[in-house]
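Colleague: Given chain L, put chains R, A and E in place with the hints provided.
Chain by chain, the residues:
There are 4 protein chains.
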Amino acid sequence: MAEQYLMKGNEALAEAAIRAGLEGYFGYPITPQTEILEYFAKHLPPKNIAFVQAESEVAAVNMVYGAGACGKRVMTTTSSPGFSLMMEGVSYIACAEIPCVLVNIQRGGPGLGTIQPSQGDYFQAVKGGGHGDYNMIVMTPNSVQETADMVYEAFDLSEKYQNPVLILSDGALGQMMEKVEFKENYKVPAKDISWATTGKTPDRKMNAITSLYIQPEDMEQKNFRLQAKYKLIKENEVDYELYHMDDAEVGLIAFGLSSRLAKKTVDIARAKGLKIGLIRPKRVWPFPTEIIKEYSKKVKAFMSVEMNVGQMVEDIKLAVECKIPVEQYGKVGGIIPSPEEIIAKVEALLNK
Amino acid sequence: MAEQYLMKGNEALAEAAIRAGLEGYFGYPITPQTEILEYFAKHLPPKNIAFVQAESEVAAVNMVYGAGACGKRVMTTTSSPGFSLMMEGVSYIACAEIPCVLVNIQRGGPGLGTIQPSQGDYFQAVKGGGHGDYNMIVMTPNSVQETADMVYEAFDLSEKYQNPVLILSDGALGQMMEKVEFKENYKVPAKDISWATTGKTPDRKMNAITSLYIQPEDMEQKNFRLQAKYKLIKENEVDYELYHMDDAEVGLIAFGLSSRLAKKTVDIARAKGLKIGLIRPKRVWPFPTEIIKEYSKKVKAFMSVEMNVGQMVEDIKLAVECKIPVEQYGKVGGIIPSPEEIIAKVEALLNK
Amino acid sequence: MAEQYLMKGNEALAEAAIRAGLEGYFGYPITPQTEILEYFAKHLPPKNIAFVQAESEVAAVNMVYGAGACGKRVMTTTSSPGFSLMMEGVSYIACAEIPCVLVNIQRGGPGLGTIQPSQGDYFQAVKGGGHGDYNMIVMTPNSVQETADMVYEAFDLSEKYQNPVLILSDGALGQMMEKVEFKENYKVPAKDISWATTGKTPDRKMNAITSLYIQPEDMEQKNFRLQAKYKLIKENEVDYELYHMDDAEVGLIAFGLSSRLAKKTVDIARAKGLKIGLIRPKRVWPFPTEIIKEYSKKVKAFMSVEMNVGQMVEDIKLAVECKIPVEQYGKVGGIIPSPEEIIAKVEALLNK
Amino acid sequence: MAEQYLMKGNEALAEAAIRAGLEGYFGYPITPQTEILEYFAKHLPPKNIAFVQAESEVAAVNMVYGAGACGKRVMTTTSSPGFSLMMEGVSYIACAEIPCVLVNIQRGGPGLGTIQPSQGDYFQAVKGGGHGDYNMIVMTPNSVQETADMVYEAFDLSEKYQNPVLILSDGALGQMMEKVEFKENYKVPAKDISWATTGKTPDRKMNAITSLYIQPEDMEQKNFRLQAKYKLIKENEVDYELYHMDDAEVGLIAFGLSSRLAKKTVDIARAKGLKIGLIRPKRVWPFPTEIIKEYSKKVKAFMSVEMNVGQMVEDIKLAVECKIPVEQYGKVGGIIPSPEEIIAKVEALLNK
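Chains as they are written, first to last, in the numbering used here: chain L, 283 to 634; chain R, 283 to 634; chain A, 283 to 634; chain E, 283 to 634.
Hints in this document: simulated from the structure, not taken from any laboratory. Model, not experiment: these values are computed from the prediction. Hints are not guaranteed to be accurate.
Same chains, same names: a pair is fine if it fits in one copy or spans any two.
[To be verified] Below, a list of computed lysine-lysine pairs in the BS3-like style, where the Cα atoms sit at most 25 angstroms apart: (1) 329 <-> 469; (2) 579 <-> 545; (3) 579 <-> 605; (4) 605 <-> 582; (5) 545 <-> 487.
In isolation and in its complexed conformation, chain L is listed as follows (with noise of 0.2 angstroms):
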């Protein structure tokens, strides 16, 4: 059995993404993503593997363009407004189709906000905080060990797809401490990078990266590829977890942060009587569509848990293609709902 131990989120995030074969991170400091900086400049170097605080994210994310291009497993993270500042460099990377794993601890917002926990930042992560038609897939971790398995998985599926992946997290769960193990006997999946800026042998011209397509034929394959791909994810890679969907009257959707607040409210609910489930999206995209659709079949009415003012809503309305009453419940400004506030909700739209 694995070792154990107690860990902050953001702390096992870095030293899972040590353990998942990083070879180089590029970050700035942030409130409250700012542990994971200090524990890879403390464990990179010695480790040899590169680490460089950059001048601002802006940087950053242009360093993990160039590291990713030339092949490397590389990582930057942040929290809400740095990752804003991304927004020119990641519709970048996923044009040139460079994997790289990207963490958004959020924070509450719009602007500086707060610093306390956060789900604001759903649609710029699934519907493209920058310019164009892109996507990448954005996985939500709800505890510190999933947080931790979901990086290898990150690390994966961005050189499997060659897009970058996010790992859409929050400041309590950065901050939080909970158990965790460490995968035994991970390896890295062989992987081709015969098209990176690095390795040229003799028999081979050199390979360019661009995000650049000045002629628009070009680009629209540019694009009819990127959507093809996209089409691939949607079909293979959506996660999710159901909790008492079975005979669920009501059922309660929530990624992340929110799903544990939703889990509990669900057990709380069934103690008393009431039948309440739970589908929680272990990635937010691709959205898990298909089992929304089937369950809209079963149950009354579905309702979103966010800490946001409703945005995964939408992706639940399109899913359910509007059959069944879909309701939204969130708080904002880093306050998170009671399972006493959710419960009353479903209660009122059981009785409407």
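Modeller: Okay, now just chains R, A and E, sitting in the frame of chain L:
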């Protein structure tokens, strides 16, 4: 009658801003919006209006933040990658509730992409490309004349609601030349700038502008205020155009450049006996949900015509509550769809 | 008679610049020069004079380069570390022969140092802190009144010679309050700006400003032109003040703040019967070599009084061709030498 | 015997740095030094030595400051305009007493200038291009072999004195190919890094590195410490080469590239019967004042041969205390003076 000019869309936009009482412009060159910068560089200094070519788009948007915080009519303009660089600043401005006009003359993405026109930044514009829950009024002109007209409106609404307003245009509209007249007798509406960081009188304390609310309760209140304002805007500021919708069997929905093609498509289709109409959002946020919902009871289907892989189509589906089919037709990479292609798609839709 | 004001040196400098026809200011805050920026921030916009607080000193000096290239009267101000950041830009401006006024309100160095006054940047000012062979006229006021007066001169000379002019002051002169009058009836001298990148008439080609001369022969010619100009400046623009030098046995040589102490030292010494005089360079480049050489035939020794570890003393030694002893006395870290200390040094020198 | 390589000066410099125990390199491309960056980009990562191409020269020098503060052997390299951008950082590093090696592969200035070789940055190197009273040891190799050898010395001296060391070379020396051998059995001398911001043991407090000394007394003490150190360096670290000085009537004085021409000039002149010799400073700071002073009693005149308009000539005049004529001969713009021109100048000097 007002004098008529033959101007590029970019020039008309700049000239209209001057006539609308522009007090400061801050920008950075990027194709296909550079004519705006050039026009201002030539015309603002002689009029003693602040003009700064900043170090970067990051600098430019923060100068807009600063100058707007003084209660001045200020503006920045850019194109897709440049707008991504502004995402942090835009979220700050939205949270700090600073009136200002932002302009995105879209080019094809993602990445550096192509300099050809595109509508690929719809999501970025309406779902919050930056972090946190915020919204901007997003105006989508479809002619040089309307580009000019919307500039006045944009300033007026930004001040009325103390909110950033985005003019979302594209490279074709920016570069094409058409006749344009400028409003006569326009007057800047009376405005209260007692909140601004300028003009302190001895009887009041200094104003401070911030987007930082460390206390969760304060951040929550801020979000409540913002959401109340957004609700008000949704109630009052929807704007759209109907074209042959009275007896339409299929409703095209299109904004900006693609709405010109859609209109032409309607004409050609009607000449062939096909009953097609068009709903054109003149603003894509707030979205004309009600009118689309209303017409969903009359038409057999809607088809979203967008120069992207399908973004506004989601908002249409949400508006019609999935009661009738909603298709999407678009092109990417700067390639403009033809009316014939659109008609073929509509016919296929009707024969389904 | 002109009106008298009681002002800080920094404020008087700013006010004089406005009265001298300033057309643009670009700067960044740093103690002890921030009052200049604040004065301009308040007074320039209402007068429709360009004011930009740039992103950094690097940005500020490049804005001066750009605006000066348009033939405008432009200025930046900073303090020691900030002036180091401008070294690349200063060398570019000197090579491109752009008239402009730069101001260094010196603080103690090296490094971030102290915010107390210093004269530690003499070498940087006169030997070219930036790369390559270039020179600036360097003015060294020693009172609030002279600070103001020199601003007019600085602009006039910068335009006369198409060369940057540096006002080298310090934190004490910038912060002290004294009475000051501003020139009445000052008029900007007629100037030829046919070289500037503005005002193109149909009968001439576009002007281009550059500091890049790829061909060695072109670069050589550029240097010949610069050296010819510097020779002319050395012949015509030396400026100094003599104080009790007629019968002096020892000549103090001091500029700026330390020249005030030196003057007081002369008074005290003379009261004691010691025949000390003072040569005060009002400009340290071009250096008053001839007058120092001339007096080297009359005095027994010179003593350089500088608030550094000995910089100007080298230029004095070169001027006197080592024919008489040249000593140096200075203090560092913002500590101002006292007349008593200086007299003791002079006495020691005479008793050698 | 050590292996011989045929290498460019820039490559030899880079290879020597690696063999000298380089632990981190931070730079930005600029002709004619880019080969150094390229060499490191290729060779450092496989050796697990930190390599960062920074956002700019400002970023690079600050990364050197930070990494050097950890007690590591670190380096940056650039060419003239880039070195000007580093002036603030260099002054900070000098004040904070951080060992590191800086390299300026000079090109012709001022301004962007030309990419041809030059010695126009002598003053910047020895008189403090940055603000405040500070000094660096400045090494001036005149061959590929010496370039390599001096790198080891530079690191050793920078650590011995906790002071930045500058290698002042030029585009011709950087680009020319010559045979080079690397030191065998070189060992990094034992060094005390108990001052560094790394390696804290439980029994001591955290180290902090700063160049800020708000209290004037502290800043004064800092300057006293620096000056005491510089005095020690002047006493111990002067380095020069004498060539046919024994019976010379005229002494050329030249460093770096121009010393090669000067040596050839001596040979040609001697073949013609002219008794010329050469004093070559291998380091221009500390300057070989004593040996020049000594020979000033033997030769009739000195002639400084510099590829600029006359910079080192001032230090020679100060050294000889003006007892004999000191002339200067130089070329600018990347043009290299010929031995014939130099001989003609010497003959003119002798016939005066």
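Colleague: Now tell me, hint by hint, if it's right for this structure.
Modeller: Status of each hint after checking the structure:
Proximity of residue 329 to residue 469 under the C-alpha cut-off of 25 angstroms is found in both arrangements, the shortest distances being 17 angstroms within a copy and 23 angstroms between copies. Proximity of residue 579 and residue 545 under a CA criterion of 25 angstroms is satisfied intra-copy only: 22 angstroms inside one chain copy versus 39 angstroms between copies. Proximity of residue 579 to residue 605 under the C-alpha cut-off of 25 angstroms is found in both arrangements, the shortest distances being 8 angstroms within a copy and 16 angstroms between copies. For the identical chains of this complex, residue 605 and residue 582 are neighbours both inside a copy (10 angstroms) and across copies (18 angstroms), given an alpha-carbon limit of 25 angstroms.
For the identical chains of this complex, residue 545 and residue 487 are neighbours neither inside a copy (54 angstroms) nor across copies (46 angstroms), given an alpha-carbon limit of 25 angstroms.
Of the numbered hints stated above, the single one contradicted by the structure is hint 5.
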